[in-house]
Structure formats: C-alpha cells, structure tokens
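In order, the protein sequence lines correspond to chains A and B.
Be aware that the first sequence starts at 1, since it is given in the numbering used here, and climbs by one per residue.
Be aware that the second sequence starts at 1, since it is given in the numbering used here, and climbs by one per residue.
Hint data in this document are derived by calculation from the structure and do not stem from the laboratory.
Careful: at least some of the hints might be erroneous.
Below, a sample of chain A positions facing chain B; criterion: calculated Cβ distance under 10 angstroms [said to hold, decoys possible]:
1. Ser7
2. Pro8
3. Gln9
4. Asn22
5. Pro34
6. Gly41
7. Ala45
8. Leu46
9. Cys90
10. Leu100
Derived list of chain B stretches under chain A, where covered just means 3 residues or more per stretch with a C-beta under 8 angstroms from a C-beta of chain A [stated by the list, open to error]:
11. 38-49
12. 76-85
Simulated pairs of lysine-lysine, DSBU-like, Cα-Cα distance not exceeding 35 angstroms [as the list claims (entries may be wrong)]:
13. B/Lys62 with A/Lys71
14. A/Lys42 with B/Lys44
15. A/Lys15 with A/Lys107
16. B/Lys71 with A/Lys42
17. B/Lys62 with A/Lys107
18. B/Lys44 with A/Lys5
Glycine included, C-beta positions come from ideal geometry on N, C-alpha and C.
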Amino acid sequence: QQQVKQSPQSLIVQKGGISIINCAYENTAFDYFPWYQQFPGKGPALLIAIRPDVSEKKEGRFTISFNKSAKQFSLHIMDSQPGDSATYFCAARGAGSYQLTFGKGTKLSVIP
Amino acid sequence: NAGVMQNPRHLVRRRGQEARLRCSPMKGHSHVYWYRQLPEEGLKFMVYLQKENIIDESGMPKERFSAEFPKEGPSILRIQQVVRGDSAAYFCASSPRTGGDTGELFFGEGSRLTVL
Numbered sequence: 001q002q003q004v005k006q007s008p009q010s011l012i013v014q015k016g017g018i019s020i021i022n023c024a025y026e027n028t029a030f031d032y033f034p035w036y037q038q039f040p041g042k043g044p045a046l047l048i049a050i051r052p053d054v055s056e057k058k059e060g061r062f063t064i065s066f067n068k069s070a071k072q073f074s075l076h077i078m079d080s081q082p083g084d085s086a087t088y089f090c091a092a093r094g095a096g097s098y099q100l101t102f103g104k105g106t107k108l109s110v111i112p
Numbered sequence: 001n002a003g004v005m006q007n008p009r010h011l012v013r014r015r016g017q018e019a020r021l022r023c024s025p026m027k028g029h030s031h032v033y034w035y036r037q038l039p040e041e042g043l044k045f046m047v048y049l050q051k052e053n054i055i056d057e058s059g060m061p062k063e064r065f066s067a068e069f070p071k072e073g074p075s076i077l078r079i080q081q082v083v084r085g086d087s088a089a090y091f092c093a094s095s096p097r098t099g100g101d102t103g104e105l106f107f108g109e110g111s112r113l114t115v116l
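Chain A with its partners taken away, still in its complex shape:
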C-alpha cells in the first residue's frame, strides 16, 4: 500500500522555467510534509517542509503548496537552474511519529 503518491516520475524543464512536482497522501494522521533533494551518489537532504496549518511556505526559489482538503501538496521550483537537476522526494510523517513515508521520487532535469 503506497501511502504517498508522487508524480511525475520524471520532469524536464528549461532553464528559467517552473518545475512542479505533486504528491498525494491517504493517511489523515500525517502532520509533517518534507521534501528531500537527492543528487546522484548522495544521500537525501531536506529542502523544505510544511505543516498542515499553513497552505504555503516559501524559501527562496522553492515553494510548497498544501491542500489539506484534497490531501495533496506540491513543490514549485521557480527560475529552475541546471544545478537543480536531481531527484526530489516528497515524504510525510504522522503526529508523534518518527517514520517518514516517502514518495517514489521525481527525477528533474533542467536543460540550458
């Protein structure tokens, strides 16, 4: 049972464009939604995270949009750069829990 569904599986965006990655979850007990960035051969690194009491969080060029009623959240990368090319994972965690449930990842390629 996949509790966090992520799409698309891969994404190609031109430099300067907007990259959008979507995730949907099933478990209404989730209350923490991080996004991780992973470069080839490296471990995932926390990029940005949101809790369901806000609908949007922005950090630099990265924005999370959160729709609690639809049980969906998305990552927007503005002004995408070739250095953003990586695999992005959404994740979710329940209140008081420590287990992160990850999506399957989106491989982003930003072309010049």
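Starting from the known structure of chain A, arrange chain B on it as the hints suggest.
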C-alpha cells in the same frame, strides 16, 4: 561538524555471505534510523534505534536482518546470507530527538550493496 558517516560506501557480496554496514550519527545525535532504497523507488523505513535500544524494527525483514547501536561505536546493520534481492542502497539518518519541532533527519551518503 561532520555529517552522518556511513561505510563502506560500496560493498559487493556473493549470495550467502554476510554484509555489515556501519553508521556514525552526527555529533550530538542519539537517534539513528536505517532506510533502504531500491532502484527507482523511494526510501523505505527499516529500523529506529537509540543507544543500546531498538525502538522500532517494524520495517526490517524478520529473518537475516539485524541492527544494533551500542553504547560505544557506530550503529551496525547486519544482513546474513545475502540474496540478490538485498541489492540496494542503505541509508542511515540521525536526529537529535524523535519527532519534535521539525524532526529533521540528516542522512548519510548511503552504502550501496551489490549481491552477485
């Protein structure tokens, strides 16, 4: 301030051999988590440990897999009698506390196991 250190980075084993993966958490972190990543898949939780205690091993296969985090030294994930399906990247993460304000996990660079 060193991050989470994992070794070996790459490990090749033949079927039936044992694999030992080590993880030293970030300084000041007493919580260690192991995740497994299969090709084209997200990370899957395996086990959560604190010093000398296994808190949750619900994601770890009941047979052949074991984990420990001794009072002194790194956390170790041990896979006995490896099979080809064990080929994966194994990531260790640490945190200073469980859950909490952000519950941010800091991941190591992973150990990539290949079973021939």
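Hints and how they fare:
1. Nearest Cβ of chain B to the Cβ of A/Ser7: about 13 angstroms, over the 10 angstroms cut. The hint is violated.
2. Below 10 angstroms, beta-carbon pairs count as interface contacts, and A/Pro8 has none with chain B, the closest being about 13 angstroms; its hint is therefore violated.
3. The criterion of a C-beta within 10 angstroms of any C-beta in chain B is met by A/Gln9, whose closest approach is roughly 8 angstroms, and the hint holds.
4. The interface hint given for A/Asn22 is broken, as the beta carbon of that residue sits about 15 angstroms from the closest beta carbon of chain B, more than 10 angstroms.
5. The interface hint given for A/Pro34 is met, as the beta carbon of that residue sits about 8 angstroms from the closest beta carbon of chain B, less than 10 angstroms.
6. Evaluation of the A/Gly41 hint against chain B yields a held restraint, the C-beta minimum of about 7 angstroms falling below 10 angstroms.
7. At about 7 angstroms, the closest approach between the beta carbon of A/Ala45 and any beta carbon in chain B falls short of 10 angstroms, and the interface hint on this residue holds.
8. The beta carbon of A/Leu46 is positioned within 10 angstroms of a beta carbon in chain B (closest approach about 5 angstroms), and the interface hint is therefore held.
9. Satisfaction of the interface hint for A/Cys90 is found here, the shortest Cβ-Cβ separation to chain B being roughly 9 angstroms, below the 10 angstroms cut-off.
10. Because the smallest distance between the Cβ of A/Leu100 and any Cβ of chain B comes to about 7 angstroms, under 10 angstroms, the interface hint for this residue holds.
11. Under the rule that three or more residues need a Cβ within less than 8 angstroms of chain A, the assignment of the segment 38-49 of chain B holds, with 7 such residues.
12. Coverage of the segment 76-85 of chain B by chain A is violated [criterion: at least 3 residues with CB-CB distance below 8 angstroms; count 0].
13. With a C-alpha separation of about 33 angstroms, the suggested pair B/Lys62 and A/Lys71 falls inside the 35 angstroms cut-off, and the hint holds.
14. Pair hint A/Lys42 plus B/Lys44 holds up; C-alpha atoms about 16 angstroms apart against a cutoff of 35 angstroms.
15. About 15 angstroms separates the Cα atoms of A/Lys15 and A/Lys107, which keeps this hinted pair within 35 angstroms; it holds.
16. Proposed proximity of B/Lys71 and A/Lys42 is supported: the alpha carbons are some 28 angstroms apart, at most 35 angstroms.
17. Distance check on the hinted pair: B/Lys62 and A/Lys107 sit about 32 angstroms apart at the alpha-carbon level, within 35 angstroms; holds.
18. Taken as a hint, the B/Lys44 and A/Lys5 pair is honoured in the structure, with Cα atoms around 14 angstroms apart against an allowance of 35 angstroms.
Hint compliance for this structure: hints 1, 2, 4 and 12 are broken, all remaining hints hold.
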